[in-house]
Structure formats: structure tokens, C-alpha cells
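Visitor: Put chain F on the given structure of chain C with help from the hints.
Keeping their order, the protein sequence lines are chains C and F.
Counted the way my numbering counts, the first sequence spans residues 1 to 220.
Counted the way my numbering counts, the second sequence spans residues 1001 to 1220.
Keep in mind the hints are simulated off the structure, nothing from the lab.
Remember, predicted model here, so these are calculated numbers, not experimental data.
What you were told as hints is all true, and nothing was included just to trick you.
To spell it out: a stretch of chain F is covered by chain C in this simulated footprint if at least three of its residues, at any positions, have a beta carbon under 8 Å from a beta carbon of chain C; those stretches are:
id, segment
1, 1172-1182
2, 1192-1200
Which residues of chain F face chain C? A few of them, derived with a C-beta cut under 7 Å, are:
id, residue
3, 1048
4, 1166
5, 1167
6, 1186
7, 1189
8, 1205
9, 1206
10, 1209
Glycine included, each C-beta is placed from N, C-alpha and C at the ideal position.
Protein chains: 2
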Amino acid sequence: MVPSSPGYGTPPNDSSGYGKPTTAYHHGRLAEAAVAAGFEALAEAGPHGFTLAEVGKRVGVSAAALYRHFADKDALLAVLATESFGDFADTLRDASTASGPDRLQAMTRSYLAYANEYPARYALMFGMHRDQGKYPHLQRAADRAFHVLVDALGTPAPSLPPEALEATAVQVWAQCHGMASLRTALALVVEPDRLAALAVAAVTAIVERPQQAQAERPLP
Amino acid sequence: MVPSSPGYGTPPNDSSGYGKPTTAYHHGRLAEAAVAAGFEALAEAGPHGFTLAEVGKRVGVSAAALYRHFADKDALLAVLATESFGDFADTLRDASTASGPDRLQAMTRSYLAYANEYPARYALMFGMHRDQGKYPHLQRAADRAFHVLVDALGTPAPSLPPEALEATAVQVWAQCHGMASLRTALALVVEPDRLAALAVAAVTAIVERPQQAQAERPLP
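Here chain C stands alone, though its shape is the one from the complex (with noise of 0.2 Å):
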């Protein structure tokens, strides 16, 4: 929470013309509007078309009133990356308390789902990842979505070493990952809705390998 700061806000009814539009917040109420704005321009432009300027102007305040929120551009991404790994770890929860072998179909689907929606949450929650030690909430939300599916693998019966079952959800992961961000690519290969189809396949060839732990041997 960031705490409020008397004399700064001013009544939300204030309509007397004269204040800036910065005073139309307190600090907590300026930060969340910069978090929702910055969701809409993250949207529109992309993370690398994404400004501090654009958010401002969304929420009528200057750049300059943002900065003390956010210690930069990055900063703010930074929650918005982590709020959005916040919702696709509950995405991918809901989809796991599906049963047996449809369990992991429902995870793969919803991943995609998920991407195929939310293309610019999505490109910025993975281009942020370099950055997760400057950025410890973020490292724990991704950590969370990741495990998420580690648990999912080793429910009801973890038929496998807790190594192995991060072994395999890292190829469960990049499978996920390379179908999501590839979309577009090949599209010009197979029928887009065919991709899903294709994403289950995989990952179940992935997990149901009857020798997974062989991944755990050096290769020749």
C-alpha cells in the first residue's frame, strides 16, 4: 500500500476548476490509476512502444507526477508484469482442477488462451524475465505461474523425482511458450485453431514419455 498523504488529494467531488489534475488523487488512488492506464497504453502501443508520458496523459497528471511512484518507465512495468503473472497464475490454477489427462489439456489451452488474449501482457511478462533479480515481486509472481504447472504435474501421484517434474514442466513450458509467441509465424503453416490441438499433442507426448527421467542422464 502507499501510504496517503494529507494535504496532497483533494475530495473526489472537488469540481471548482482550479486545481490541476493531479490533485483529482491522493497517492494510493494515483498509483492505481497508473496501474489501470498503464494496462490500456501497454495494450495499445506494446511494451516497446509503452511511455510514462502516455499513461500521464491517460490519467491527467504529468510524467513528472508519476515519478513519484514509479522510479521509471521500467518500474511500472515492472507491476504490470507482475500483476499479470499474478492473473495467469490464477488462470492456469482454475484450469488445473480439471481430472486426469484433461487436466493438462485445460493448462494448455488456457495458456494459450491466455496469450492469444492478452498479447502485450504477455510479450512483456517474458521480456521482463532478464530483469526478475532487479525486480523481486516480479521473480516470485513468474515463480508462482511456474509452479503452478510443477504442481499440476505431480498431482494426485508424483510418479517422479521433484527434479524431473521441473525437467518436464520446462518442456511443458517451452512447448506452451514456443506456440504461443509463434502464433503468428505459424499461422502461415497450419490453421491457427488447429495450434491449440497441436500444443495438447505435444505436451502430452512430453509427459506421458514413459522414460522422462532419461532427460536426467547426460546425453551422449
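Guide: Same frame as chain C, but now just chain F:
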């Protein structure tokens, strides 16, 4: 080939010191030099930090001189992406000369090694996919790389109909792309040098799946 323009070029041994740097190139050589410098600028700044001004600086001409050869920054990037796809296809084709199951392993490892050695080129190649319609050379180069994989999967004995072969290639490609582009993120979970072995195991599972053809049936 870019036709040479009489009167524009200056002999390479001109050392009068009067000519602007632009006069050191005739048309063909400037375009070539811009591509070479473009690769350097790309490696340094990545696709999103790439500017024609930086390329001009490296070859000693103004951005305006470059516009005689490239309609805009994206046109030069498309040339770089096209050449990169050509190299990439050659790399995959060289790896595909291995025989039997080694072929798939060699191709997977070559794929990941290329992405790891040339991260900016790799990001550019797949980042520009959406503009393929605008750059037919780029589209053809990308298609060629993809079909090196399709051909390798169907050699020597194409046990699958062409459509199923392409579908399998899509799954293998997605697996490799996922591993390549999540390298940094996945390295938090498994040792980076295990990623290639995991990718090999995953693509093997995908390709060896007995009923791969079931991916052709609509899923429930």
C-alpha cells in the same frame, strides 16, 4: 544487385581528404557496408534499440544517404532478418546431415546454439515474422528454414502424410523456440547447459510419439 551510379562513386584509394565519407562508397558498396554495420548495430543494441543513425555513423554516412538504399529502418532490419534466416537454415541443414536419431538431436542442438550465439538476430528473425507479408524475401527465407526441418523429419522414410509432417515440425519448432527464448527465465529453474538436453528429449518424445497422427483428429 544495386546498379552503380556513374559519378557517385569515388575510387577506394582516394585520399584527398576532401570527400565526405559518403563519397567513399558507390551504391552497391554502401548497401553492403550498411548491412555489415547493421549486423554490428543489431548485436549491440538489439532489434528495439536499432537506429539508422547508428548504422550511418558506423559506415561514415548520413542517415539520408542510407535512405537511398533502404526505405526506412524496418527495410534494413528486414534485410538483416532475411540474411539471418538464410544462415540459420544453412546451420540447420548442415546439422541435418547426421543420420538416424542423431539427426534430430544435432538439429535441436544447432537451433539452440544459434539462438544463444546470436540472440539479437534471433529476436529480430522471430520478431519480424508478423511483417512477412510486407517483405516477401523474408517470408521465403523463413519458409526455407522451416522446410529444412520438415524435410529432415521426412527423411529417409516419410512415415507420415505431408500434413502430419508439417504439424510435427510445428511442434518441434515451438519446442526449440520456447527453449531458446525462455533460456534466461528457465535458467532459474534448471542448469542452462541442461536446457539443450531437455529440448532434445522433448522433441524426441514429440517425434517418436506412436500416434502422432492423432494430432490430426479434432480433440474432444
